[in-house]
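S.K.: Here's the letter readout for the chains.
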Amino acid sequence: MKELVIMSGKGGTGKTSISAALAYLAPEKVLADCDVDAANLHLMVGARQRESHGFVAGFEPEVNVTECVKCGRCTALCRFKAIDNGAITSPFACEGCGVCAFNCPAHAISMRDKSAGRWLVSDTRFGTMVHAELGLAVENSGKLVSRVRLETKKLAEKQKVPLIITDGPPGIGCPAIATVTGADLVLAVVEPSLSAMHDLERLRNLCGHFKVPIAVCINKATLSPANTGALKESLAANDVPVVGEIAYDSVFRTAVQTSRTVMEIDNIKVQEKILELWYNLSALLGVTHNESVVHKLDRKLKSFAGWV
Amino acid sequence: MIVSIASGKGGTGKTTVALLLAAARPGATVVDCDVEEPNCHLFLQPGRGEERQVTVMRPSLNTELCDGCGRCAEVCLFNALAITGKKVLLFDELCHGCGGCILACPPKAVSEAAKPIGVVRAGAATRNSAGTKLIDGLLDVGSPTASPLIKAMKETLAAQGDIIVDCPPGTACSMVAAVADSDFCLLVTEPTPFGLHDLGLAAGVIKLLGIPAGVVINKSDGGAWDDAVADWCAQEGIPILGRIPHSEAFAHEYAEGRISPEYLADARAIWGKLGREGDCR
Ligand code: SF4
Ligand code: SF4
Ligand code: SF4
Ligand code: SF4
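Chains as they are written, first to last, in this note's numbering: chain E, 1 to 308; chain R, 1 to 281.
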């Protein structure tokens with residue numbers, strides 16, 4: 001089983017739109033949304049939630065006020081300025097380290113499991129999807145990502161599908177690290193803007209660090225032909241394959257606004273480009289692409305029988 | 001006043017709004033808290049200024065004093081310490097620097113040493129909005145500790161004049177570290193289902209933190225999703241402080257590192273409203 005992870009150094013490059021389009025094209029797969037901070041894929045693939053599981057990570061202190069003798073030791077020892085004489089003053093600053101609890105002379109503090117969100121299994125128009133909702137203002141997004149990936153793998157094994165398509169989080173921080181490690185291929189969706197090119201450099205370093213191969217799809221390529229050219233040159237110099245190139249097109253915006261994938265909107269140019277992208281990716285991954293689409297391409301792409 | 005610019009998600013135009021606001025307010029300081037992917041410097045091209053390494057404290061072990069009792073690993077709630085046989089192993093990337101192990105070690109075998117996690121830079125812009133001061137940070141690749149760097153960046157600030165904080169995307173710890181202590185939070189959204197969904201998340205955090213907020217609709221096209229965002233804001237009691245129209249020309253300019261002055265008047269109008277919203281707190 002192969003896992004394709006779609007990343008972008010920066011948000012807004014069209015990562016989720018492309019994930020959804022690939023989900024439409026890939027014949028057999030399980031979907032995962034590892035953007036646990038602000039998941040969006042479910043809005044495009046018509047997710048209907050089937051299971052919801054609580055996600056517990058880390059701890060939070062609970063103070064027994066009747067036992068607290070107001071000695072001030074917790075205030076002095078807490079490095080995150082979260083507690084004052086047994087009162088949690090800034091819950092968002094609390095890291096749940098337990099220093100207050102372990103060092104309270106009155107044993108007035110206990111550490112409780114902290115609820116950090118939920119992970120969900122949904123039925124979508126393109127198969128099963130595992131996704132998550134991180135609790136607001138909590139950390140451990142990396143752990144929740146790992147959980148989503150673990151559950152997706154289990155599901156893919158159970159359903160005996162050859163492919164997992166994962167919509168990754170933006171950035172290169174803990175959730176990105178948790179998404180990339182152990183994946184078979186990272187597809188970086190990049191736009192030819194200075195900021196996105198800068199971010200790609202960092203993403204490339206990250207993938208290099210974790211020894212995961214990376215391929216690039218240039219989206220909105222016509223926004224700056226000069227930058228697109230420079231981008232391709234630098235990718236060629238670094239032996240990073242460009243597996244897709246898509247012109248700037250308002251069809252992406254229309255797709256998002258109408259909760260469809262770009263493959264479901266009349267726009268043969270973009271559809272062909274994405275099909276090409278999918279063929280290139282399936283070749284790199286060694287999974288079969290769906291031949292049924294080839295014959296339809298000349299006329300018009302349609303959804304496969306039995307889907308939608 | 002400290003204005004933070006947030007949105008549940010990247011790509012909605014946080015940096016655009018931050019830069020527009022800076023251009024409309026000479027002398028303001030932009031703090032780019034997106035330490036994983038700082039981008040403001042690409043537009044502002046700050047001249048070489050100060051650069052300071054940021055470190056966090058991490059435990060360091062005196063193996064001669066350690067008797068392998070395992071107490072340190074017991075108190076570390078982040079599983080950053082493990083005992084194998086009689087040896088203590090530290091998994092640096094899991095450590096939060098709480099100091100718990102130091103307090104817990106009976107023979108005082110644990111002390112602390114500074115470990116670099118990135119740099120904080122400060123300089124004056126030479127492009128797009130000359131005169132703007134930029135403070136940004138750059139997290140070392142592979143380091144999961146964005147929040148300490150963001151905090152260090154904010155501590156560099158002598159709190160004077162207007163400060164515009166460009167927050168990292170998301171609703172997790174680093175976004176919270178960035179918006180904390182701001183007087184007002186501008187939530188940037190796009191009129192799409194994605195935009196509205198993420199706006200809801202970001203607004204939830206801001207509400208939890210008790211920071212007054214307003215919305216800027218970026219890439220506004222006057223369509224049905226503009227109305228949907230407006231309805232949602234009305235329902236939540238969050239004012240809409242500005243709309244920046246959808247413009248392919250603007251996107252072209254932006255891609256090549258220019259902030260077109262097209263919407264400066266809109267940005268000035270937002271500042272005007274910010275003042276008022278700030279007053280009526
Ligand atoms: S250390 Fe314990 S007893 Fe002392 S103030 Fe804190 S909670 Fe109260
Ligand atoms: S758990 Fe740690 S961070 Fe939270 S209040 Fe206690 S000492 Fe402070
Ligand atoms: S608590 Fe101190 S002595 Fe015991 S294993 Fe840890 S470092 Fe060694
Ligand atoms: S400082 Fe805190 S988090 Fe780090 S190893 Fe020690 S107990 Fe664990």
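Treat the hints as calculated values from the structure; they're not laboratory data.
Everything numeric in this text was worked out from a predicted model, so none of it was measured.
Ideal Cβ placement from N, Cα and C applies to all residues, glycine included.
Check the hints yourself; a few may be wrong.
To be verified - Here are some chain E residues pointing at chain R (derived, C-beta under 7 angstroms):
(1) G9
(2) F102
(3) S141
(4) V161
(5) G171
(6) T222
(7) P225
(8) V251
(9) T254
(10) L284
(11) V287
As the list claims (entries may be wrong) - Ranges of calculated distance between the beta carbons of each label pair, as one might list FRET restraints:
(12) R:P106 x E:V65: 45 to 55 angstroms
(13) R:N62 x E:Q49: 46 to 56 angstroms
(14) R:T55 x E:P105: 40 to 50 angstroms
(15) R:E256 x E:N238: 18 to 28 angstroms
(16) R:Q235 x E:R79: 50 to 60 angstroms
(17) R:G222 x E:S110: 50 to 60 angstroms
(18) E:A247 x R:M1: 36 to 46 angstroms
(19) E:S110 x R:S60: 27 to 37 angstroms
(20) E:P213 x R:L89: 24 to 34 angstroms
(21) E:P213 x R:K86: 38 to 48 angstroms
S.K.: Each hint: holds or not?
M.R.: Status of each hint after checking the structure:
1. G9: Where the cut-off is 7 angstroms and the nearest Cβ of chain R is about 6 angstroms from G9 of chain E, the hint holds.
2. F102: 5 angstroms, holds
3. S141: Where the cut-off is 7 angstroms and the nearest Cβ of chain R is about 5 angstroms from S141 of chain E, the hint holds.
4. V161: Violated, because the Cβ-Cβ distance from V161 of chain E to chain R comes to roughly 27 angstroms (cut-off 7 angstroms).
5. G171: At 4 angstroms from the nearest chain R Cβ, G171 of chain E passes the 7 angstroms test, so the hint holds.
6. T222: Since chain R brings no Cβ nearer than about 9 angstroms to T222 of chain E, farther than 7 angstroms, the hint is violated.
7. P225: At 10 angstroms from the nearest chain R Cβ, P225 of chain E fails the 7 angstroms test, so the hint is violated.
8. V251: Violated. Min distance 13 angstroms.
9. T254: Nearest chain R Cβ about 10 angstroms off; hint violated.
10. L284: With a minimum Cβ separation of about 24 angstroms from chain R (threshold 7 angstroms), the hint on L284 of chain E is violated.
11. V287: 28 angstroms, violated
12. R:P106 x E:V65: 45 to 55 angstroms: 31 angstroms, violated
13. R:N62 x E:Q49: 46 to 56 angstroms: Since N62 of chain R and Q49 of chain E have Cβ atoms about 53 angstroms apart, the given range 46 to 56 angstroms holds.
14. R:T55 x E:P105: 40 to 50 angstroms: 32 angstroms, violated
15. R:E256 x E:N238: 18 to 28 angstroms: 22 angstroms, holds
16. R:Q235 x E:R79: 50 to 60 angstroms: Violated, since Q235 of chain R and R79 of chain E (Cβ atoms, about 40 angstroms apart) do not stay within the stated range.
17. R:G222 x E:S110: 50 to 60 angstroms: 55 angstroms, holds
18. E:A247 x R:M1: 36 to 46 angstroms: 42 angstroms, holds
19. E:S110 x R:S60: 27 to 37 angstroms: 30 angstroms, holds
20. E:P213 x R:L89: 24 to 34 angstroms: 31 angstroms, holds
21. E:P213 x R:K86: 38 to 48 angstroms: Because 41 angstroms falls inside the window, the suggested range holds.
Checked against the numbered hints listed earlier, the structure breaks hints 4, 6, 7, 8, 9, 10, 11, 12, 14 and 16; every other hint is satisfied.
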